[in-house]
Amino acid sequence: EDKVVQSPLSLVVHEGDTVTLNCSYEVTNFRSLLWYKQEKKAPTFLFMLTSSGIEKKSGRLSSILDKKELFSILNITATQTGDSAVYLCAVSSYNTDKLIFGTGTRLQVFP
Amino acid sequence: EAQVTQNPRYLITVTGKKLTVTCSQNMNHEYMSWYRQDPGLGLRQIYYSMNVEVTDKGDVPEGYKVSRKEKRNFPLILESPSPNQTSLYFCASSFRPRQGGYEQYFGPGTRLTVT
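Chains as they are written, first to last, in the numbering used here: chain Z, 1 to 111; chain Y, 112 to 226.
A hint or two may mislead.
[Claimed, not checked] Chain Z is faced by these chain Y residues, among others (derived, beta-carbon under 8 Å):
1. Leu152
2. Gln156
3. Met161
4. Gly220
To be clear, the hints were calculated from the coordinates, so they are not data collected in a lab. For glycine and all other residues, C-beta sits at the position ideal for the given N, C-alpha and C.
Take the sequences, apply the hints, and build the full model.
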């Protein structure tokens with residue numbers, strides 16, 4: 001059965017800290033891995049990763065995929081209170097058009 | 112403005128009373144999907160549609176119906192709601208999966224309570 005596991009479940013840090021969020025997956029015929037940020041509303045898209053070892057970067061956020069070890073990490077440097085959110089990881093497969101989500105990592109950044 | 116809209120945003124209803132949650136997108140997306148989000152369980156896909164008149168079950172389709180008569184609309188129908196369908200529902204849309212996958216755009220969510 002396809003599945004996505006995120007860790008940690010929850011993270012509390014101070015502003016300025018760097019955090020690493022993990023996403024491991026098991027999926028048949030992997031197509032892509034996506035990261036979303038969810039504040040008190042709908043998830044918003046961050047990154048889509050399809051190739052191993054190629055870092056995607058947007059400001060203080062970056063992500064990389066390891067297709068051999070079946071995981072991805074999302075890094076946030078110099079965290080700000082506005083980074084507080086639930087970060088969701090999802091994977092898609094060539095076998096199906098479904099998108100499978102992990103349960104998310106809740107990040108709280110305190111001043 | 113490109114967006115996915117859902118209505119209603121909040122709904123409290125009673126067991127067994129049929130309801131419909133509407134979803135509409137203005138981005139000419141082929142792919143549309145419904146999710147429910149529950150604490151500890153994350154986002155789970157209910158149904159999805161690759162194009163007009165094409166729908167498929169997701170991971171938790173029981174108790175739900177969908178239709179895709181027009182490209183822009185993808186309503187979610189609960190014929191006989193039950194309390195275990197109390198949840199936060201999201202509609203999402205995207206273009207057809209490309210070589211590398213697809214980015215989904217989410218609606219604002221509908222919080223449904225069934226008493």
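Where does the structure disagree with the numbered hints, that is, which hint numbers, in rising order? none
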